[in-house]
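Residue numbers (the numbering used here), protein chains in the order written: chain L, 221 to 566; chain W, 221 to 566; chain U, 221 to 566; chain B, 221 to 566.
These are calculated hints, taken from the structure and not from any lab test.
Take these hints with a grain of salt, some might be off.
Given that identical chains are not distinguished, each listed pair holds provided it fits within a single copy or across any two copies.
Said to hold, decoys possible - Dumping the calculated DSSO-like pairs for lysine-lysine here, alpha-carbon to alpha-carbon at most 27 angstroms: (1) 475 - 299; (2) 492 - 476; (3) 475 - 380; (4) 442 - 470; (5) 475 - 263; (6) 266 - 475; (7) 299 - 442; (8) 222 - 295; (9) 470 - 341; (10) 225 - 354; (11) 263 - 490; (12) 442 - 475; (13) 263 - 222; (14) 307 - 295; (15) 266 - 492; (16) 263 - 225; (17) 222 - 475; (18) 222 - 442; (19) 307 - 490; (20) 492 - 263; (21) 490 - 306.
4 protein chains.
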Amino acid sequence: MKKTKVGIINVTGYVGVELARLIYQHPNVELSSVTGRSAARQKLSKVFPQLSVFDLTIEEELGDVELVFSALPHKESAKECVPLIKKSIKVIDCSADFRLNNPQDYPNWYGFTHPAPELLKEAVFGLPELHQSKIASARLVANPGCYPTGAILAMAPSVKAGLVEPDIIIDSKSGISGAGRTLTLSTHFSEVNEDVSAYALEGHRHLPEITQELNLLSPKQKCLITFTPHLIPMTRGILSTCYATPLSGKLAGGKKGVEELRQLYSDFYKDKPFIRIANEPPHTKQTWGSNFCIIYPTISPQSGKIIVISCIDNLVKGAAGQAIQNMNLMLGIPETAGLQSLPVYP
Amino acid sequence: MKKTKVGIINVTGYVGVELARLIYQHPNVELSSVTGRSAARQKLSKVFPQLSVFDLTIEEELGDVELVFSALPHKESAKECVPLIKKSIKVIDCSADFRLNNPQDYPNWYGFTHPAPELLKEAVFGLPELHQSKIASARLVANPGCYPTGAILAMAPSVKAGLVEPDIIIDSKSGISGAGRTLTLSTHFSEVNEDVSAYALEGHRHLPEITQELNLLSPKQKCLITFTPHLIPMTRGILSTCYATPLSGKLAGGKKGVEELRQLYSDFYKDKPFIRIANEPPHTKQTWGSNFCIIYPTISPQSGKIIVISCIDNLVKGAAGQAIQNMNLMLGIPETAGLQSLPVYP
Amino acid sequence: MKKTKVGIINVTGYVGVELARLIYQHPNVELSSVTGRSAARQKLSKVFPQLSVFDLTIEEELGDVELVFSALPHKESAKECVPLIKKSIKVIDCSADFRLNNPQDYPNWYGFTHPAPELLKEAVFGLPELHQSKIASARLVANPGCYPTGAILAMAPSVKAGLVEPDIIIDSKSGISGAGRTLTLSTHFSEVNEDVSAYALEGHRHLPEITQELNLLSPKQKCLITFTPHLIPMTRGILSTCYATPLSGKLAGGKKGVEELRQLYSDFYKDKPFIRIANEPPHTKQTWGSNFCIIYPTISPQSGKIIVISCIDNLVKGAAGQAIQNMNLMLGIPETAGLQSLPVYP
Amino acid sequence: MKKTKVGIINVTGYVGVELARLIYQHPNVELSSVTGRSAARQKLSKVFPQLSVFDLTIEEELGDVELVFSALPHKESAKECVPLIKKSIKVIDCSADFRLNNPQDYPNWYGFTHPAPELLKEAVFGLPELHQSKIASARLVANPGCYPTGAILAMAPSVKAGLVEPDIIIDSKSGISGAGRTLTLSTHFSEVNEDVSAYALEGHRHLPEITQELNLLSPKQKCLITFTPHLIPMTRGILSTCYATPLSGKLAGGKKGVEELRQLYSDFYKDKPFIRIANEPPHTKQTWGSNFCIIYPTISPQSGKIIVISCIDNLVKGAAGQAIQNMNLMLGIPETAGLQSLPVYP
C-alpha cells in the first residue's frame with residue numbers, strides 16, 4: 221500500500237518532534253518533508269538524535285506533501301498555512317490560529333489581527349470526540365490546545381446534559397513540556413524542580429477556547445469558566461480538576477447520583493477509542509506517551525459538588541497525538557491508526 | 221542563659237526529624253530526649269546521618285523535659301500525650317488527635333473513639349495567626365494539619381470579612397513528604413515521579429479541620445468546603461488554590477476590587493511575621509525550608525471569582541516550624557526565635 | 221497470520237508490565253496468559269490501568285503457551301522455569317538464575333544452591349549483539365541484567381580487540397525503576413528525590429555477569445572489573461561511564477586515535493539494529509522507552525584514558541525489550557519486530 | 221557587637237543569592253551592598269522574593285564594605301576584583317580567576333590572558349581544610365570550584381600519604397544548579413528531567429584546579445587525573461566517585477586495609493568541623509543546604525581499588541558556604557560562624 225506523504229512545518233519544537241515520532245510508527249503515512257527555521261539545512265538526526273531513523277534534512281521550504289502539520293507558534297502559523305490551504309493541501313494547525321471562531325478574539329487574546337478571518341468559519345475545531353464528522357470532511361483543522369483538550373472532554377457530558385450551573389472552575393496542573401522548547405526562566409530546571417506555581421490568573425489564552433466549545437454544547441445558558449493553570453515539576457501530563465454545581469433535581473442523591481453521573485459519561489463517550497472512564501482517581505502517568513484521555517466524574521459527598529478529573533499526555537492527546545487522530549479522520553483511515561501504543565509505565 | 225529542655229516523641233518520621241533540625245538552630249531550647257519505636261536504643265546520628273551533631277540515643281521512654289512535641293500518628297498520639305499533660309508537661313501534638321472540637325468527629329473521620337474528650341475543650345488549635353493569645357497560655361496545643369494551615373490562612377481574611385459566599389473550593393497540590401516516611405506504593409519513586417493525581421475525593425481527613433476553623437470566623441453562615449488534595453512529584457511544599465464567589469456589593473469592580481481585597485489581606489496579617497502577601501502568584505520554592513506562608517489574593521477578570529493562592533513548606537509552616545512557633549508563644553519567647561532562616565533557593 | 225501465544229510469569233513487577241506493553245505492539249505474538257502472586261485472580265486491567273486494553277485475568281498457573289517470560293526474582297525463577305523447560309516450552313528468564321555459567325557463583329553471590337546446575341551449561345546469555353546464533357537455537361535464554369547490558373556493550377569491542385589493560389572501571393548511574401516495584405526506603409520518593417548515592421561497594425551481584433562476559437571476549441588475560449552502581453532521581457535509564465587504559469602501541473595518538481577507536485566500535489556493531497555509535501556524549505533520554513543502546517567511545521586528551529559511555533533504558537534494552545529481541549531470534553522472526561518505536565522525547 | 225559590612229558583586233546568580241541567605245543568618249557580618257548588572261536599580265526583594273527580608277537595592281557600584289564576595293563569571297571577575305584589592309578591601313572571588321597559580325592556564329583553559337598575573341602568586345586557594353592559615357592572613361582568596369572541592373577533599377588524604385598510584389579517576393555527578401541561572405538548552409527542565417549525561421570529556425575547566433591542588437600534596441610524583449562530570453536531574457548536590465590503585469605494601473589486605481584507610485582519613489580531617497568520615501556510602505541529601513562534606517573511603521574487595529566517595533551541596537560547601545567559611549577565617553571569627561544549620565531532610 222502506498223503511504224500518504226505528510227510534512228511538518230517547524231519540526232524543531234516538542235510538538236514537531238512528537239509528530240515525527242508518531243508518524244514513524246504509523247502504518248499509512250510517511251514523513252517526507254520537514255521545515256524548521258532554527259535548524260534549517262541540518263540533518264534531522266543531527267539535531268534530534270532520538271530521530272536518527274529518519275534520513276531527512278530540515279528544509280526552509282516544505283516539499284511536496286498531501287497533508288501538513290503546522291507546529292509553528294500562533295500568528296506565524298496562520299501566515300504559513302493560508303497559502304497551503306489555497307493550494308488544496310490539507311492542513312492541521314497545532315497553533316491557536318484557527319481555533320477561535322470569533323475574529324475579534326485574536327486581537328483581544330493574542331494581540332494580532334487575524335490575516336484570514338474568512339477561514340475561521342471553515343476551520344474545524346479538531347476535538348474528534350465532539351466534531352468527528354466535520355473533521356472527516358475538513359481541509360483545515362485547528363488542533364485544540366492542551367489545556368482545552370482535557371478540560372472540554374472533562375466537562376462536555378455534564379454541560380451537554382444541562383446538568384450543571386454555568387459557573388465552572390477548572391484547575392489544571394501541567395508538566396513543563398507544555399511551555400515548549402524555548403528557553404525561559406520559568407522552564408529553567410533549578411527554578412521549576414521542587415516547585416509548583418499558578419500562572420496567567422489574569423486570563424490564560426486557552427480560556428476562550430474552553431468557553432467557546434462548552435458554550436456550543438450548552439444552548440440554554442452561557443458557561444462562566446474560571447480557569448487556573450499550574451506548572452508542576454514533571455515533563456509530560458496535564459491533570460484538570462473541574463468543579464461544578466449540579467442543578468437541583470438532575471441527579472439522585474448519594475452513591476446513586478454518582479452512578480448516574482458515571483453512566484452519563486460512559487454513554488457520552490461510548491465508541492470513543494481514546495476515552496476511558498475510570499473507577500478511581502486517575503494518574504497522568506496512566507496516559508504517559510499515549511493518546512488516551514482518562515476521565516473520572518464524581519460527586520463530593522460533603523459539598524455535593526460535581527468534580528470531574530481528566531488526565532492526558534499534553535504532547536500526545538494534548539497536541540501531536542490528537543493531530544494524528546485528526547489526520548486519520550481526514551484521510552479516511554481508522555481513527556486509531558498509529559496511535560495504539562500503550563502508556564509507558566512506570 | 222539556661223535553655224529549656226524539650227523532647228520529641230517519635231523522632232523517626234519526617235516531622236520528628238524536622239523538629240530536631242529546627243530545635244538545633246534555636247537559641248532558647250535544647251533537645252534533651254527523643255523516642256521512636258522503630259529505632260529504639262539506636263543512636264539518633266546512626267539512623268539519621270543528617271543529625272550527626274546530636275549525641276542522643278533514641279529511647280523507649282521520654283526523659284525529663286519541660287515541653288514535648290508528639291510526632292506520633294493519630295490515635296497513638298493521644299494515648300501518649302494524655303499522661304504527659306496530667307504531669308504538667310506542656311504538649312504540642314502534631315497529630316490530629318486534639319484538633320477537632322467535636323468528639324464525634326473522631327469516630328466519623330478517624331475511626332476511633334477519643335480517649336480524652338474532656339481535653340478537646342482545653343486544647344488550642346495551634347494556628348498562631350488566628351489564636352496567638354490562647355496558644356500563649358495553653359498547656360496543650362494541637363498543631364494544625366499541613367493542608368489546613370495553607371487553606372485556612374488563605375481564606376480566613378475573606379471569610380472573617382463576610383466577603384464571600386459560603387461555598388468555597390480548595391484545590392491543593394502537595395509534595396510527597398506530606399505522606400510521611402512510611403512505605404506505600406503511592407510514595408514509591410517510580411510511581412509518583414512524572415505523575416500527578418488527586419486523592420481522597422470521598423472526603424479527606426483535613427476537611428473537618430478546615431471547616432471548623434473557617435466556621436469559627438464566619439458567625440453568620442456555615443462554610444461549605446470542597447477540598448481536593450493532589451500529589452505532585454516534589455518532596456516539599458503545598459500550594460492551595462482557593463476559589464470563592466464574592467458577595468455582591470462588597471468589593472469594587474475591576475482592579476480597584478483587587479486592590480481592596482489585597483488591602484484586606486495586608487491588614488488582616490499586619491504584624492504576623494511569617495505571612496507575606498505577594499504581588500505576584502507565589503511559588504512553593506519561595507518558602508522551601510522556611511516557616512513563611514505566602515498568600516496571593518486576586519479576582520479573575522473574566523469570571524469575577526475570588527482566587528486566593530497560598531504556599532507553604534508542608535514540613536515547616538505545615539508541621540514542625542509551626543510547632544516551634546507555637547512553642548515560642550507557650551514559652552513566652554519571641555515568636556520568630558529559631559525560625560529566621562530564609563528559604564533555600566533554588 | 222497466526223500469532224504465537226506467549227505468557228508472562230509474575231506480570232506484577234515493572235519488567236512484567238513492560239513486557240506486556242511491548243507484546244501488545246508486537247505483530248507476531250500475543251499475550252495469552254499471565255501470572256502474579258500478589259494479585260492473583262484480579263483482572264490485569266484493574267491492577268494496571270495502563271494495560272486496560274488486555275482482557276486477561278492474572279492467574280496462579282500459567283496457561284497454554286509456546287514461550288514464556290519469567291519476571292520472577294532470582295531463586296524463585298529457576299524453580300518455576302525448570303519444569304517449563306522440561307515441557308519443551310521456550311523460556312526467557314529475566315532473573316539472574318541462568319546467567320552465570322559457574323554453579324558456585326550462586327551460593328557466593330546470591331546465597332542459594334542452584335537447583336538445576338546442568339541447565340547452566342545449556343542456558344544462553346541473552347545479549348543478542350554477542351550471542352545471536354546461540355540465542356536463535358536456544359530453548360532457555362538468560363536475559364542479562366540491566367547494568368551488565370550497558371557495561372558489556374560499552375566495553376566488548378575494546379576487550380575483544382585486546383586494546384586495553386585488564387583493569388576496567390565501570391561507574392553506572394541508574395534510574396530508580398531498576399530497583400523494582402517492591403517498597404523500600406531507598407526507593408521512597410522523598411528519600412531519593414534530590415539525591416544521588418552509590419551502593420553495593422562491597423560487590424554488586426551484576427559484577428560476576430560483567431566479568432564472565434568480558435572474559436569470554438578476552439582470551440589472553442582475565443579482566444579485573446571495578447563496578448560501582450549509583451541511584452539517581454529519575455525513573456528510567458542507565459548511563460555507564462567506563463574507564464580503561466589503552467595498551468601502548470594499539471592506537472595512534474591524539475584525534476587519530478579517537479577516530480580509530482570509533483571505527484573499531486562502528487565495525488564491531490555493524491548490522492546491529494539497536495546499537496548506535498554516537499558522535500557526542502549521549503543522554504539516557506535519547507533511549508527513553510526504546511530498545512536502543514547508544515555508545516560513545518573516546519579518549520581523554522589529558523590522561524589518555526579510554527572512556528566509553530553507554531546509555532540504555534533499563535526496562536527496555538536492560539530488561540523487557542531485550543527479552544523481546546531474544547524472543548524474536550528464538551522464534552525466527554525479524555530481530556526488530558515489535559521494537560521499532562522511537563524513544564519518547566522529551 | 222558591631223557587624224562587619226560585606227558586599228556581593230553580582231548577587232543575581234545562584235551563588236550570589238546563596239551568599240545573601242547565608243550572610244543573613246550570620247551573627248558577625250551584615251550585607252550592606254549588592255550589585256548585579258541584569259537587575260540594577262531594582263529592589264533585591266523584588267527580583268528574589270526569597271530575600272524579602274533585605275531592604276537593599278541592587279546597585280551598579282558597590283558601596284562601602286570591608287570585605288566583598290565576587291560572584292561574577294570568570295574573566296569579568298578579575299577585572300572587578302583587582303581595583304578592590306588595591307583599595308585594601310578583602311576579596312573572596314567565587315570565580316576561577318585566581319584559582320590557578322600558572323598564568324598560562326588562563327589562555328589555555330579559559331581563553332583569556334590574565335589581567336593581573338602578579339596577584340596569582342598572592343591569591344590563596346580557599347579550601348580551608350588544606351590552607352587554613354594562609355587563608356586567615358590573605359587579602360585575596362580564590363574560592364574553589366564546586367567539583368574541585370569534592371574531588372580534592374576526597375583524594376587529599378590518600379595522595380598526601382603517598383598511598384596511591386598517580387593515575388586517579390574522578391567521576392562526578394552534579395545537580396543542575398551548578399550550571400547557574402543562565403538559560404541554556406542543557407538546563408531546560410524538559411531536557412534534563414529524566415536524563416543523565418556526561419559532558420566536557422575533552423577536558424573540563426575544573427581539571428587543572430584538581431590537578432594543581434593534588435600535586436601540591438604529592439611531592440614525589442605528578443598526579444594524572446581523569447575527570448568526568450555528569451549532570452543528573454536534581455537541583456543541588458555533587459557526588460564524586462574517585463578511583464585509585466593502592467601502591468603495594470601500603471595497606472593491609474582485606475577489612476584491615478579498609479580500617480587503616482578510614483583511620484588515615486579520620487586523622488587527616490581531625491578537627492575539621494565540616495568534614496564527616498562516613499561508615500556507609502553517603503547521600504548528597506545528607507548535605508543538602510549545609511556546609512558539610514561527607515567522605516567515604518573504602519576498598520573494592522574484588523578489584524582492590526581504593527574508592528573514595530564525597531558528597532557536598534554544590535552551592536554551599538561547593539560555593540557560597542565555603543566562601544563564608546573563608547571569610548570567617550579572614551576576619552578571625554570562628555570558622556563555623558553562620559554555617560551551623562543542619563542539612564534539610566528529606
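Hint by hint, here is what the structure shows:
1. 475 - 299: The answer is neither: 52 angstroms in one copy and 36 angstroms across copies each exceed 27 angstroms.
2. 492 - 476: Within. Shortest intra-copy distance 25 angstroms satisfies the 27 angstroms Cα cut-off; inter-copy 47 angstroms does not.
3. 475 - 380: within (22 angstroms within a copy, 34 angstroms between copies)
4. 442 - 470: both (19 angstroms within a copy, 25 angstroms between copies)
5. 475 - 263: So residue 475 and residue 263 pass the 27 angstroms test across copies only (24 angstroms; inside, 58 angstroms).
6. 266 - 475: between (56 angstroms within a copy, 21 angstroms between copies)
7. 299 - 442: Close neither inside one copy (32 angstroms) nor across copies (55 angstroms); limit 27 angstroms.
8. 222 - 295: neither (34 angstroms within a copy, 51 angstroms between copies)
9. 470 - 341: neither (35 angstroms within a copy, 42 angstroms between copies)
10. 225 - 354: within (22 angstroms within a copy, 41 angstroms between copies)
11. 263 - 490: So residue 263 and residue 490 pass the 27 angstroms test across copies only (21 angstroms; inside, 44 angstroms).
12. 442 - 475: This pair counts as between: shortest inter-copy Cα distance 24 angstroms, intra-copy 29 angstroms.
13. 263 - 222: within (25 angstroms within a copy, 40 angstroms between copies)
14. 307 - 295: Cα proximity of residue 307 and residue 295: one copy only (20 angstroms, versus 55 angstroms across).
15. 266 - 492: Classified as between; 20 angstroms across copies, 38 angstroms inside a copy.
16. 263 - 225: within (19 angstroms within a copy, 41 angstroms between copies)
17. 222 - 475: neither (53 angstroms within a copy, 46 angstroms between copies)
18. 222 - 442: neither (47 angstroms within a copy, 54 angstroms between copies)
19. 307 - 490: neither (37 angstroms within a copy, 44 angstroms between copies)
20. 492 - 263: Classified as between: cross-chain Cα gap 22 angstroms, same-chain 38 angstroms, threshold 27 angstroms.
21. 490 - 306: Close neither inside one copy (37 angstroms) nor across copies (47 angstroms); limit 27 angstroms.
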